[in-house]
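Student: What follows is each chain in one-letter form.
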Amino acid sequence: MDKKQYEILALMLRYWFVLLLICILYILLKKVIIYKQGGTVKRTTGNIPFILVLYTLSAFGLLAGREPGGYDLDVLLLGAIISVVVLFQFYFLFYFFKGIDEVLLSIVDTLAVLGLVMLQRLSPELAMNQVEWFIYGNVGMFIFIMIFSRNIDLGRLTYPLMISGIAVLVVVLLFGKESGGAKRYVVLGPFSVQPSEFVKLIFIFVLAYYLKIKRTFFQNLPLYIFAALSVILVVLHKDLGSALQYFLLFISIYYIATSDWLLTGAAVATGIVGAAISYKLFSHVRVRVQAWKNPWADIGGGGYQVAQSLIAIGSGGLIGFGLGLGEPNVIPASRTDFIFAAICEEFGILTGAAVIILFGLLLVRGMQKGLESDKETDTLLVCGCVISLTIQAFIIIGGVIKLIPLTGITLPFVSYGGSSMFVSMCIAGMMQGISIKNYRLAKAFEALDEPDELEYEGEGFNEQD
Amino acid sequence: MSRMNSNTKVKVSMNRIKRNMRSCIFVLLSLYLVLLVYFAYTLFMYSDRWFADPGNTRVKVDMSNPRIIPGRIYDRNMLTLVETGTKTEDNGQVVFYRKYHELSRCAAHVIGNRQLGIGAETRFIKYLLGYDNNLIERVYQKAFLNREQGNNIILTIDIELQRYADEALGDRSGSIVLINPKNGEILAMVSHPDFDPSDPGKDMKNESLVNKAIYGKYPPGSIMKLITAAAAISHLEGAEEFTLECKGRTDIDGISVSCYSERAHGLVDMNRALEVSCNAYFAKLAVDLGWKNLRSTAERFGFNRDFIFEEVITTKSVFPTSGTKSTEELAWAGVGQDEVLVSPLHMALIASSIANDGKMPEPKLIHGIQRRNGSIVYKSGTKTALNTVPTEIAQALKGMMINAVEEGTGKKAYKQGIEIAGKTGTAEVGNGSLPHAWFIGFAPAEDPSIAIAVIIERAGSGGSEAAPVAGDLISRAIRLGY
Ligand SMILES: [Zn+2]
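Chain order of the listed sequences is A and B.
Residues in the first sequence are numbered consecutively from 1, following the working numbering.
Residues in the second sequence are numbered consecutively from 466, following the working numbering.
None of these hints come from the bench; they were simulated from the model.
Fair warning: this is a prediction, and the values are worked out from it, not measured in the lab.
Just to be clear, a hint being listed does not mean it is correct.
Below, a list of computed lysine-lysine pairs in the BS3-like style, where the Cα atoms sit at most 25 angstroms apart [unchecked claim]:
# : chain 1 : residue 1 : chain 2 : residue 2
1 : A       : K293      : B       : K863
2 : B       : K607      : A       : K4
3 : A       : K3        : B       : K591
The following block holds chain A by itself, in its conformation from the complex (with noise of 0.2 angstroms):
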């Protein structure tokens, strides 16, 4: 294509992304809205794939006419790969495992998808590394699928995880590569690895096998030691955004579990003082918190990055420059850490929306699927699961559009990185596993004449204190 029918194109298209995403959001949000406890709503996934797909391809095939004089056939193949991830995982996966959400995997995809279209837009190459992470993503979503839909008790693995959790984090800080500032990653062979996102993973399991369990505080310990020590050693990293992911975590979980004001209290206490011993200790947390504070005072230096976002996110509009017509590559980060301004430069303030709109209808849904069920591992699960992405997302973009200080962390699903896509997927496939665990519950109480409620509500008059 020549550049100027390029531009034209990618003008009008505008619309028609826009316009698709919000299908996908109406359809969504009406499936949120009339879900009713024990899946008796019919489990359909109505047109999602085909908008998606949909999506991908006239995205992907606009990409393809980018570079002036041909078209790259490559592009296109690379949107027909994501396509056809998406058509198997909705079609096989639902075929395969009964009681697989369709909100959840259409609220992933959705995200995936406009990563991996910004991503190919930001840079090629990086576009093709990241969509073979979404396949590996799939193959660990799969498998947790597999691990997590079963009636098998992991509780032994709790120990081992914990150690081998903070092995990891102490590796990192003494081999790991920096980039950015932060001690991120360890390179492996000819993969750069960040060890913090999988420890994310070991997070989530070792609370909810660990505090399904009522004890006392001593026999607590071990956990506590485990939190504190991994939120210390990321500190350590500076991997900011992960310390404060990993710290928001333990604390809601730990009071969903134990209800217990007053170490949840004190760890809020602590936690606060941590971060104001830090802002006095360490420059780089000032010179964010300054940033934040106004990014246009040092818009050579401290501000450059926050401020550039702003531009970016300011300039796009309603419906944004239109994809290709911007200049995302002058945001520092764009396509880690600043996806989402790069995306509402091109997709518009509409999209950005739509994205954490999104976001927030996965935390519903992840809610739904945790009252459905009825073992304490599997609830704590999936609150580990929704209460994990909902602060990451909220972390980033909260400080991409500064709301809050920005602390570097991926945006989940959406980000160029291999760790955060797998590990994210794997979120999602633990998510999945107890959802089909649900439906094979509510079938188990469909085939009996009566369901027995009594149960649960035995169990709520012993609880005395």
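Here the structure of chain A is known, so what remains is to put chain B with the ligand in place on it, guided by the hints.
Tutor: Just chain B with the ligand now, with coordinates in the frame of chain A:
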């Protein structure tokens, strides 16, 4: 804790978990809501400013081969101030450049310059590059034009009036703002020292690039008495009838307050005190009002407020907020000294609000936008930035301001045949230098069509230095038909 559960290990209660989970999710959901609301709010308020930021590479135009030809800037009478011209280089290559009209020098800060990142050239780049065009127009331009064409901006500035104001200020540092009090259109806005927008390197002085009309922070001096008077009328019963014996250096509740040149004004009521600009009288009112009342009235006039206007960026005027300040500082704040700081534009807006029965208009710089085909879309519709004081108080202030020009300190602003309302200000700056000379006012008092703020830095008293300048400019503006 006792347990009756039969299990060997005591599990935590499922109901409790689910209850906690619900509340936790509720909290997280409200976080997303905050995120969404903030996202919408911040973009609604600031996105235009971010887009126009000089650091935005997306709106950089490569003038040697522009993809979009930036539009023109007109004054309100369609005189071209800046346009995109072409010239042929020695090697035969045709290049584009921004061609400035010679009069654009008088409006240097308003027009600005893209390289310097100031003025309309930067601020209104969205229009100049045609990013406000609709889809059809943009597609048409991309498809059929060799180079896209931006829109032309018609400023509210009257370059004739702007030139008078520029000349009136001459070599002196300071600023003048002329504004239509009814709709907030800025007719002239001068800041000195200035620069040459067509050649920014030329005769650049220390503060040349700062538009003092919007970014200047000056002590207001006696202009503040208008606000103290408004506060007294609204908070103190019978304030207008209150009298005080001024001895030149008067003892107010144990604080010694001196008037300008230590002149004794004798027995004064509010009207007379404003007319002669008596410090003692207003210091007494300030002390009687207290910090809280005085501050609340000042804030009603827009002090301590981040004004977010669509077309004009301005600095925040400051009224001290510290609770630990002494009564002496309060007395001086009441006559516009202490730590009170204001911008000239804000003072012009205060004059406008008094002229306009208490309604402060939102200042505007864009009169209209001219599209490629020549059609002009005028930006009509006045926005009220603030409702300051009730009509009766505005009327009372107006009456006192008329007297101040007819018989008081503002006498030198008096013009035959025009009823001008005004207030002088003489702001001490210390260091043994002359005070800043202020004048704010509006005319004709009956049905105001022009409001003005003049500040001349370190020039002397407002009555002798600023008032004649203001009187002149007002009469010229009225002769021009405003
Ligand atoms: Zn006096």
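Student: Does B/K591 lie within 25 angstroms of A/K3 when you go C-alpha to C-alpha?
Tutor: Holds, at about 22 angstroms.
Student: Is B/K607 within 25 angstroms of A/K4, Cα to Cα?
Tutor: 6 angstroms, holds
Student: Is the Cα-Cα distance between A/K293 and B/K863 25 angstroms or less?
Tutor: 41 angstroms, violated
In summary, the structure is inconsistent with hint 1 from the numbered list given earlier, while agreeing with all the others.
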